[in-house]
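Student: Sequence:
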Amino acid sequence: MTAEATEAAPRKVKRAGLNRLHRLRYAIIDAVRWYYRRVWGMDLHPSCQFSLSTKFDKTWPKGVHVGADSYIAFEVRILSHDMPRGLFTDTRIGERCFIGGSSIIMPGVEIGDDCVIGAGSVVTRSIPSGSIAAGNPARVLRSGMSLGQYGRLPEADANEASKALEMGD
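Going by our numbering, the first residue of the sequence shown is number 1, and it counts up by one from there.
Derived by calculation from the structure, the hints in this document are not laboratory data. Built from N, CA and C at the ideal position, the CB exists for glycine as well. One or more hints might be untrue.
For each label pair, taking beta carbons as the anchor points, the in silico distance ranges come out as [said to hold, decoys possible]: (1) 101 x 139: 35 to 45 angstroms; (2) 162 x 141: 45 to 55 angstroms; (3) 167 x 39: 37 to 47 angstroms.
Quick list of in silico lysine to aspartate or glutamate cross-link-like pairs, EDC-like style, CA-CA up to 20 angstroms [claimed, not checked]: (4) 55 x 43; (5) 58 x 75; (6) 62 x 43; (7) 55 x 30; (8) 55 x 110.
Modelling step: build the complete structure from the supplied sequences, incorporating the hints.
Tutor: What follows is the structure, given as structure tokens:
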């Protein structure tokens, strides 16, 4: 045998992106959502999405309400009780909302439909529908918004569609 024959041709490695794990991720989130709803009694709409690092209040779990097509990012804390004041109340997140990473939603807060909460915000007061709020404490920065699924701006979907058309040419 020659040296050339003994050398193996380099094998091509088929690279699979993390996108192949989306189905597994969504299956895990569905299982966790089922657990929170059935065991803890939280009101999480079947179409809401959340990071697995989101912390829902388990001291008063029946006080946590998340609407349809809302997305809760990583390390968000949603509280429904305040032990020093003896407060056990409902905390509501409306439909088509996006809650940015590391935000804290305090007990008794109601976030209306079509809202975006900026990353790292501490929401101490209710936020009206169609608003963008951010800061510590969170302030309304813009009102009159209409958002799509998971709190996406309508322009985002249009931008993605035009980009896909450009790449298809």
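Student: Could you run down the list of hints and mark each one as holding or not?
Tutor: Each hint tested on the structure:
1. At roughly 18 angstroms, the beta-carbon separation of residue 101 and residue 139 lies outside the given 35 to 45 angstroms, and the hint is violated.
2. With their beta carbons about 27 angstroms apart, residue 162 and residue 141 fall outside the hinted range of 45 to 55 angstroms.
3. Between residue 167 and residue 39 the CB atoms are about 45 angstroms apart, so this pair conforms to the stated range of 37 to 47 angstroms.
4. Using a Cα cut-off of 20 angstroms, the hinted pair residue 55 and residue 43 holds, with the two alpha carbons roughly 14 angstroms apart.
5. Our distance criterion of 20 angstroms between C-alpha atoms is met by residue 58 and residue 75, whose separation comes to about 15 angstroms.
6. Only pairs whose Cα atoms come within 20 angstroms are accepted, and residue 62 paired with residue 43 is accepted, the gap being roughly 7 angstroms.
7. For the given pair, residue 55 sits about 16 angstroms from residue 30 by alpha-carbon distance, which is consistent with the 20 angstroms threshold.
8. The suggested pairing of residue 55 with residue 110 holds, with an alpha-carbon distance near 17 angstroms, which does not exceed 20 angstroms.
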